[in-house]
Amino acid sequence: MKYKDYYKIMGVAREAGADEIKRAYRKLARKYHPDVSKEPRAEEQFKELGEAYEVLRDPEKRAAYDHLGSAWRPDQEFTPPPDWGNSRSGSADTGTGYAADHQFSDFFETLFGHAFHGGTGTSGMRMRGQDQHARITVSLDEAYRGAARVVQLGVQERDARGGMSPRSRTLQIQIPAGIIQGQQIRLAGQGAPGTGGAPSGDLYLEVEFEPHPLFHPEGHDIHLTVPITPWEAALGTQLTVPTLGGKVEMKVPAGSQSGQRLRLKGRGLGGKTAGDQYIVLQIMTPPAGTAAAREFYERMSREFPFNPRSHMGV
Amino acid sequence: MSEKTTVVRAVVLDEDMTIGAGQLCESLGLDLSELVACVQEGFVEPFGDSPDTWSFPGPALKRLHTLLRLRRGLDIDLAGAVLAVELLEDITHLRERVRALEELLRGAP
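Note that the protein sequences, when read in sequence, are chains A and B.
The opening position of the first sequence corresponds to residue 1 in this note's numbering, with each subsequent residue numbered one higher.
The opening position of the second sequence corresponds to residue 1 in this note's numbering, with each subsequent residue numbered one higher.
If you're looking for bench data, these hints aren't it; they were derived computationally from the structure.
Keep in mind that this is a model prediction, so the values were computed, not measured.
Some hints here could point you the wrong way.
Calculated lysine-lysine pairs in the DSSO-like style (CA-CA distance at most 27 Å, straight line) [to be verified]: (1) K62/B - K27/A; (2) K272/A - K4/B; (3) K38/A - K8/A.
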């Protein structure tokens, strides 16, 4: 088990007052709150912060923590002193809910474990298990067609003595067709187990899409850039384009321009009302790589009196 | 430690499904009075006339969950948290747009 330097996590001195600790918490909480933060390790840091604040805001826990002394370094291997547990009272703490969603570290649990955990005296009480929340990454293809996915879940489960122990569970999830980025799916009864024979909670998974090399989803709609030649754009043509459901034929009208958007109705992600696929045309200029090609371009420049900048007055 | 695979069916919390007020409260650890406050704030819109018959569209659960995490984690009041969630949703939407537009500008190789 690693020692945690709660003062360092909160960026305050060991002698910091309660107000200063509260200010530091507020400031860092806004910085690392997982719903707000773009920091890569935000969730982890927010959890650490919640744990640090849980200890430092409570005079009793803080005093017990301070009692360990200041010689410890962060992440140093830690074993509690032999007299630990005798000197502190087992007073319960009802908690503020600041860290209610969080699992504390082994370090915290060892120091402030069950005696300090108020509100968890649920033995013998009938209580539905908590809902749990996680993310699941799916490919666009899986979202379009639906899929069966096998996932491993690391879960904390309450053991017979009321403590929490880690366990892994394997679930095969039937992902329905037509889900979109950010949507939640619910797996009934797959959350934390209940106590006293009460039912388990539910598991909620938030859907995240894997990036796709061609298709860019936006809600139910799909965007795709399709390169075309200048003559296809000028004369119009029939193109074959990929969609999530397979190749489709699409008409490009004569006189199309780069950046122009065409719609393939109902070719996006499904659902009650299926999204559309948008095609953005991108005109590609063939390279003037050979003498013949150069000559062709020169002939065009002579024979096409075309100024694309006329609207700029130049 | 037993290793068995459980097959489960997923329900998508989209606009087509609804969740009852009771289930929503239980799932979020929310008092009905707090849910009423969220409705009065115009944050979520129920179907039905009275709180005991209310039901909510599926996405309400995620919105309320984010709202509660912000309230509890940052210790802000309801109106502030509602504003934060709505701004965050706007930001998410704009980021999605920007990413889609950047991809379109980058275009084909």
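Cross-check of the supplied hints:
1. K62/B - K27/A: holds, 25 Å
2. K272/A - K4/B: With Cα atoms ~34 Å apart, K272/A and K4/B exceed 27 Å; violated.
3. K38/A - K8/A: holds, 22 Å
When each numbered hint is compared with the structure, a violation occurs for hint 2 only.
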